[in-house]
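Peer 1: Now for the letters of each chain:
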Amino acid sequence: GQQVMQIPQYQHVQEGEDFTTYCNSSTTLSNIQWYKQRPGGHPVFLIQLVKSGEVKKQKRLTFQFGEAKKNSSLHITATQTTDVGTYFCAGDLQGAQKLVFGQGTRLTINP
Amino acid sequence: NAGVTQTPKFRILKIGQSMTLQCTQDMNHNYMYWYRQDPGMGLKLIYYSVGAGITDKGEVPNGYNVSRSTTEDFPLRLELAAPSQTSVYFCASSYTGNQPQHFGDGTRLSIL
Numbered sequence: 033g034q035q036v037m038q039i040p041q042y043q044h045v046q047e048g049e050d051f052t053t054y055c056n057s058s059t060t061l062s063n064i065q066w067y068k069q070r071p072g073g074h075p076v077f078l079i080q081l082v083k084s085g086e087v088k089k090q091k092r093l094t095f096q097f098g099e100a101k102k103n104s105s106l107h108i109t110a111t112q113t114t115d116v117g118t119y120f121c122a123g124d125l126q127g128a129q130k131l132v133f134g135q136g137t138r139l140t141i142n143p
Numbered sequence: 040n041a042g043v044t045q046t047p048k049f050r051i052l053k054i055g056q057s058m059t060l061q062c063t064q065d066m067n068h069n070y071m072y073w074y075r076q077d078p079g080m081g082l083k084l085i086y087y088s089v090g091a092g093i094t095d096k097g098e099v100p101n102g103y104n105v106s107r108s109t110t111e112d113f114p115l116r117l118e119l120a121a122p123s124q125t126s127v128y129f130c131a132s133s134y135t136g137n138q139p140q141h142f143g144d145g146t147r148l149s150i151l
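If you're matching them up, the sequences are chains A and H in order. Sequential numbering from 33 applies to the first sequence in my numbering. Sequential numbering from 40 applies to the second sequence in my numbering.
If we strip away everything but chain A, and leave its shape as in the complex, we get (with noise of 0.2 Å):
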């Protein structure tokens, strides 16, 4: 069964808005990557957080891995057009060296 579970399943937001995803394991990961796959198009990898409690940014965009390494979230800060996708989490459960994909959460955005 889905042990990486991934909400929400949908966002609608206005451009500028800021976004929101989680990702919640009910064991432990050993490391955790996020991906991004524009409509119609294949994931693409973004970023990687290992150690508990870690915070990553890549401009607008800001990850976080919780202390327990059961959760995450990626952060947008004021989105825009081109943010518009279904955003990926995977997991490793702990240290299996497989990765987990979550349901993702698919994007939507207003202009």
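Warning: the hint list may mix true and false statements.
[Unchecked claim] Straight line, CA to CA, 30 Å or less: simulated DSBU-like cross-link-like pairs of lysine-lysine:
1. Lys68/A to Lys83/H
2. Lys130/A to Lys68/A
3. Lys88/A to Lys48/H
4. Lys130/A to Lys53/H
[Stated by the list, open to error] Example chain A residues on the side facing chain H (calculated, C-beta under 8 Å, incomplete):
5. Tyr54
6. Asn63
7. Phe77
8. Gln80
9. Lys83
10. Gln129
11. Gln135
12. Gly136
Hints in this document: simulated from the structure, not taken from any laboratory. All C-beta atoms in this analysis are idealised placements derived from N, C-alpha and C, irrespective of residue type, glycine included.
Using the hints, position chain H against chain A.
Peer 2: Then chain H, alone, in the frame of chain A:
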């Protein structure tokens, strides 16, 4: 550097036909994966391989077969196509099992 290359990009099959989706990577990655993605849905793992000669089932292996005779190639075989196999198929590769995965552009398959 081509990365992960999938062929064909599009294909229409009739029910009961068979076909092979090709995937090749030039990054010398050990791990390779096949996913399917139904419209508006997430990624479901079909099969994966941790190296040449080794394959294992993923979440939804029924109706599919794979082989990994070389590090570079990981073809996916559909033996008796069914409408439920209409989907977009992505091949991906990574150096190890928990390293970032590189995806191909996908094969859009319709079975009528």
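Peer 1: Determine for every hint whether it applies to the structure shown.
Peer 2: Hints, verified against the model:
A distance of roughly 16 Å separates the Cα atoms of Lys68/A and Lys83/H; the hinted pair therefore holds under the 30 Å criterion. A C-alpha spacing of about 19 Å is found between Lys130/A and Lys68/A, which places the hinted pair at or below 30 Å, so the restraint holds. With a C-alpha separation of about 35 Å, the suggested pairing of Lys88/A with Lys48/H is violated against the 30 Å cut-off. With a CA separation close to 35 Å, the supplied pair Lys130/A and Lys53/H exceeds the 30 Å bound.
The beta carbon of Tyr54/A is not positioned within 8 Å of any beta carbon in chain H (closest approach about 15 Å), and the interface hint is therefore violated. Given the 8 Å rule on beta carbons, the hint for Asn63/A holds: about 6 Å separates it from the nearest Cβ of chain H. For the restraint placing Phe77/A at the interface with chain H, the shortest Cβ-Cβ distance is roughly 4 Å, inside the 8 Å limit, so the hint holds. Interface hint at Gln80/A: satisfied, since its Cβ lies 6 Å from the closest Cβ of chain H, which is below the 8 Å cut-off.
Here the hint on Lys83/A is broken, as its CB sits about 14 Å from the closest CB of chain H, past 8 Å. Hint status for Gln129/A relative to chain H: holds, with the closest Cβ pair at about 3 Å, below 8 Å. Satisfaction of the interface hint for Gln135/A is found here, the shortest Cβ-Cβ separation to chain H being roughly 4 Å, below the 8 Å cut-off. Taking 8 Å as the C-beta contact cut-off toward chain H, the hint placing Gly136/A at the interface holds, the least distance being around 5 Å.
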